[in-house]
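Visitor: Chains as they are written, first to last, in the UniProt record's numbering: chain A, 1 to 341; chain B, 1 to 341.
If you're looking for bench data, these hints aren't it; they were derived computationally from the structure. Each residue gets a CB set at the ideal place from its N, CA and C atoms; glycine is no exception. Do not take every clue at face value.
Unchecked claim - To list a few chain B residues with every Cβ distance to chain A over 10 Å, as calculated:
#	residue
1	GLU39
2	VAL52
3	ASP90
4	TYR113
5	GLU119
6	ARG162
7	SER173
8	GLN206
9	GLY216
10	PHE233
11	ALA245
12	LEU266
13	CYS328
Claimed, not checked - Computed footprint of chain A on chain B, listed as stretches where at least three residues anywhere in the stretch have a Cβ under 8 Å from a Cβ of chain A:
#	stretch
14	82 to 89
15	94 to 107
Number of protein chains: 2
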Amino acid sequence: MSQPSAPKRRRATGRVTLQDVAVAAGVSPITASRALRGERGVAADLVERVQVAVRELGYVPDPAARALASAKSNQVVLLVPLLSNALFVDLLDAAQRTLLQAGYQSMIGVTHYQPEEEEALLRTYLMNRPAGLLVTGFDRTDTARSLLTGSGVPCVHLMENRAGDGLYSVGFSQEDAGRAMTQALMDKGYQRIAFAAAQLDPRTLQRATGYRAALGDRHDPRLEFMDAAPSSFALGAQMFDRVLADAPDVDAIFFNNDDLAQGALLQALRRGIEVPAQVAVAGFNDLIGGEQMLPPLSTVRTPRGEIGLKAAEMLIALMRGEAVEQPCVDLGFELLMRGSC
Amino acid sequence: MSQPSAPKRRRATGRVTLQDVAVAAGVSPITASRALRGERGVAADLVERVQVAVRELGYVPDPAARALASAKSNQVVLLVPLLSNALFVDLLDAAQRTLLQAGYQSMIGVTHYQPEEEEALLRTYLMNRPAGLLVTGFDRTDTARSLLTGSGVPCVHLMENRAGDGLYSVGFSQEDAGRAMTQALMDKGYQRIAFAAAQLDPRTLQRATGYRAALGDRHDPRLEFMDAAPSSFALGAQMFDRVLADAPDVDAIFFNNDDLAQGALLQALRRGIEVPAQVAVAGFNDLIGGEQMLPPLSTVRTPRGEIGLKAAEMLIALMRGEAVEQPCVDLGFELLMRGSC
DNA sequence: CTGAAAGCGCTTACAG
DNA sequence: CTGAAAGCGCTTACAG
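Given only the sequences and the hints, what does the whole structure look like? Please build it.
Guide: What follows is the structure in structure tokens.
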């Protein structure tokens with residue numbers, strides 16, 4: 001015997017919809033929707049009934065329908081230069097975790113330090129009408145900048161700070177960090193301090209500015225070794241050789257990233273050059289492995305995990321329309337003086 | 001003087017819609033939709049007119065509307081255990097790039113090697129009705145497995161191979177790789193070969209199986225050092241000490257990952273233990289930095305970039321409903337014998 | 001090869 | 001505090 005009466009009408013897709021939940025709970029779909037989203041102003045007993053219906057029916061909201069109706073998705077776009085720099089992995093991990101807990105999904109985009117690539121990614125991802133945006137630094141194409149502002153999507157900048165109208169950022173002063181390490185080397189008595197950098201992204205150049213500022217009159221442009229190639233162990237080894245060849249009188253080398261410095265340390269070992277006795281070495285970022293080196297690498301610890309967390313929190317507040325009292329958060333840095341200088 | 005006749009009706013959002021494009025091109029919305037998606041069976045001149053209209057109006061399709069109407073998004077979910085292992089970064093980079101070129105966006109999820117976390121991510125991301133899925137390996141909760149199959153979303157498995165009904169995978173034999181490196185060590189005359197592993201994820205255990213198989217009768221369980229802690233330089237150094245302390249007669253140590261092996265090499269340097277004269281060291285994965293070590297690290301090169309690329313291509317074919325003749329692609333591996341053994 | 005109709009599943013105003 | 005109506009922007013059958 002078949003069902004005596006027609007069961008309540010099902011959608012063609014067979015999906016359990018908000019409509020079904022509403023019917024089961026004995027309320028209108030709008031009330032069900034409001035109850036579901038935790039909108040206040042719904043009677044407690046109705047909320048209860050809706051929640052029960054959701055559980056019984058195994059209802060799962062459809063993000064696409066939600067996005068279409070509300071013109072807003074639950075996705076957040078995270079744009080970083082590289083995944084192969086552990087720095088950004090730590091940043092992403094913290095941000096993604098925080099966002100997920102607040103109910104946001106993250107779309108990770110990798111720009112490979114190419115402004116054009118960032119612009120293209122922005123264009124692509126903005127189509128989704130993301131709820132929020134996390135981008136690295138402030139250097140981008142004008143088009144990218146106007147895409148950002150024109151979209152009206154809340155946006156927090158990572159790694160650097162910049163005050164300005166409607167600008168939100170969580171980071172630290174790359175310049176101060178560059179200056180502080182250079183100063184620390186000077187305080188230890190090093191006289192001929194080289195700066196060796198790869199990639200030459202905006203933040204690296206800011207560190208270079210800090211290096212110069214610390215040296216002041218004693219700055220010697222011949223001690224700056226800038227290589228636009230990507231940072232790596234192998235390049236660090238090469239640059240170490242280059243510095244010693246071109247400026248045999250250096251007594252310290254400040255590398256703009258730990259992988260370079262670690263590569264240099266290995267090269268010193270290979271060549272039998274004593275660190276820090278013959279030449280001191282310092283790095284930047286406190287990446288994994290630095291304290292395992294021989295000697296342990298002195299470096300600047302950068303708070304990328306904290307940046308990811310704090311930036312995500314700030315963005316969540318913005319997405320919820322809450323007030324953000326501190327739009328420009330400086331999380332500082334820390335000098336880690338170990339054995340290499 | 002105002003416009004003589006009512007301009008064509010605009011949506012409240014002010015958004016340029018497919019409707020607008022259709023009007024401008026003088027076709028129906030359906031035809032515009034078909035032209036846009038490159039569906040064949042649309043007259044060439046109409047396609048042309050639609051494309052012109054799209055360009056002139058600056059039309060951007062709405063993924064949410066598309067997803068709602070078609071019950072399918074253009075997003076692909078990529079699930080990996082960790083971002084801090086460079087292996088997976090290479091994998092993701094290749095896959096993401098390939099997918100993007102084909103018009104798919106990727107949602108990266110990190111499971112931290114926790115099956116429960118993978119299950120939760122799957123549940124969350126499946127709500128989006130992704131077009132495809134890329135997951136790591138075959139070990140997951142039963143629920144996760146049925147979520148996968150129940151969703152009906154095309155799925156390709158990464159890193160391992162398994163034949164089976166409707167199973168797609170791109171990887172290599174972890175067991176064979178473990179066996180091959182062990183055999184290579186035996187061929188070089190090493191007698192007491194230890195296996196030192198961290199994380200103890202499924203693929204690591206498969207390598208252990210290969211290690212045992214290669215040794216056969218000569219396998220000594222006391223030479224297996226398994227530590228469930230995450231892999232790192234520091235742990236590699238610790239394990240190196242532990243192996244030498246517990247089994248002073250070992251003449252070779254096969255680490256399940258390069259970071260462990262690199263940490264061990266640094267520890268050997270620190271302790272003045274000669275590699276490979278006193279003890280040989282081998283790693284796995286050929287991560288960055290291995291060839292910079294002293295001595296350069298012997299390891300197994302794993303084709304993760306190729307896996308990411310090939311898996312993405314396979315998934316793209318599946319998502320397009322094309323036939324995939326080879327559902328189980330073994331990309332092999334390569335022994336890299338450098339100075340450490 | 002092209003189109004009119006209906007619908008995807010939700011939320012936004014607007015009422016009451 | 002609750003709801004009926006309309007609409008978000010697209011695509012899927014179904015015709016012709």
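Visitor: What hints, given by number in increasing order, does this structure fail?
Guide: Hints 3, 10 and 12 are the ones this structure does not satisfy, whereas the remaining hints hold.
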